[in-house]
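Engineer: Sequence order for the protein chains is E and G. Using this note's numbering, the first residue of the first sequence is number 1, and each one after it goes up by one. Using this note's numbering, the first residue of the second sequence is number 1001, and each one after it goes up by one.
Any given hint could be a false lead.
[Claimed, not checked] Only some residues are given here: those of chain G computed to face chain E with a beta carbon under 10 Å:
hint : residue
1    : V1004
2    : Y1032
3    : Y1036
4    : Q1038
5    : G1043
6    : L1107
Everything labelled a hint here was simulated from the structure, so no lab data went into it. Ideal Cβ positions, reconstructed from N, Cα and C, are used throughout, including at glycine.
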Amino acid sequence: DTGVSQDPRHKITKRGQNVTFRCDPISEHNRLYWYRQTLGQGPEFLTYFQNEAQLEKSRLLSDRFSAERPKGSFSTLEIQRTEQGDSAMYLCASSAGPNTIYFGEGSWLTVV
Amino acid sequence: AQSVTQPDIHITVSEGASLELRCNYSYGATPYLFWYVQSPGQGLQLLLKYFSGDTLVQGIKGFEAEFKRSQSSFNLRKPSVHWSDAAEYFCAVAPHAGNNRKLIWGLGTSLAVNP
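Given the sequences, and given the hints that come with them, work out the whole structure.
Structural biologist: Listed below in structure tokens is the structure:
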């Protein structure tokens, strides 16, 4: 039984560059979520997919952010023209239903 | 507004000692309640959850939590702490069934364990 997998685990990028994170959910889970977490805070909801449909996006998800889940399995989160304020841990999570979500180990982004 | 309070920012206990981490929520009805643990640089692992029924819930790693409606609390306990329990602990509330994606999180309690 594999959990939620995220890649890469750490990314250091220069300001202005684009970065992409990948998430592989638990295989039988049809719901997938992206969150952002900064030090000392709980996760902030970014976006939510049910199968391949992106059903909800937070206001936190500016137009520099885009997420996809093309075949209803893995998902990617792309950040274009990164800014220092984007430095955070990006968490992916999945669930089979509406109640209990399972998180991946996160992808740390540092923008220098 | 709905909120979750973890009154203790940091707690230090000795290995083998008992532990209680406090969580209070503000919500009109019975919420869905969760405790997650996060080791440094890692994602969040679900320890336990309460939706309904028995107010004492058992979780993984020997943790348990008790829902007390009268106190709006969902405190996490462990009878004997191990050094590997050192981590950040988050209490969270899902205010509506079916809306777990927008959990309301406490600010976390950092647990240190002395040998």
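Engineer: Hints first: check each against the structure and report whether it holds.
Structural biologist: Going through the hints against the structure:
1. For V1004 of chain G, the interface hint holds, the least distance from its beta-carbon to any beta-carbon of chain E being 8 Å, beneath 10 Å.
2. A cut of 10 Å between beta carbons decides the hint on Y1032 of chain G: the least distance to chain E is about 6 Å, and the hint holds.
3. Satisfaction of the interface hint for Y1036 of chain G is found here, the shortest Cβ-Cβ separation to chain E being roughly 7 Å, below the 10 Å cut-off.
4. Nearest Cβ of chain E to the Cβ of Q1038 of chain G: about 9 Å, under the 10 Å cut. The hint holds.
5. The restraint placing G1043 of chain G at the interface with chain E holds, with a minimum CB-CB distance near 4 Å, inside the 10 Å limit.
6. Below 10 Å, beta-carbon pairs count as interface contacts, and L1107 of chain G has one with chain E at about 7 Å; its hint therefore holds.
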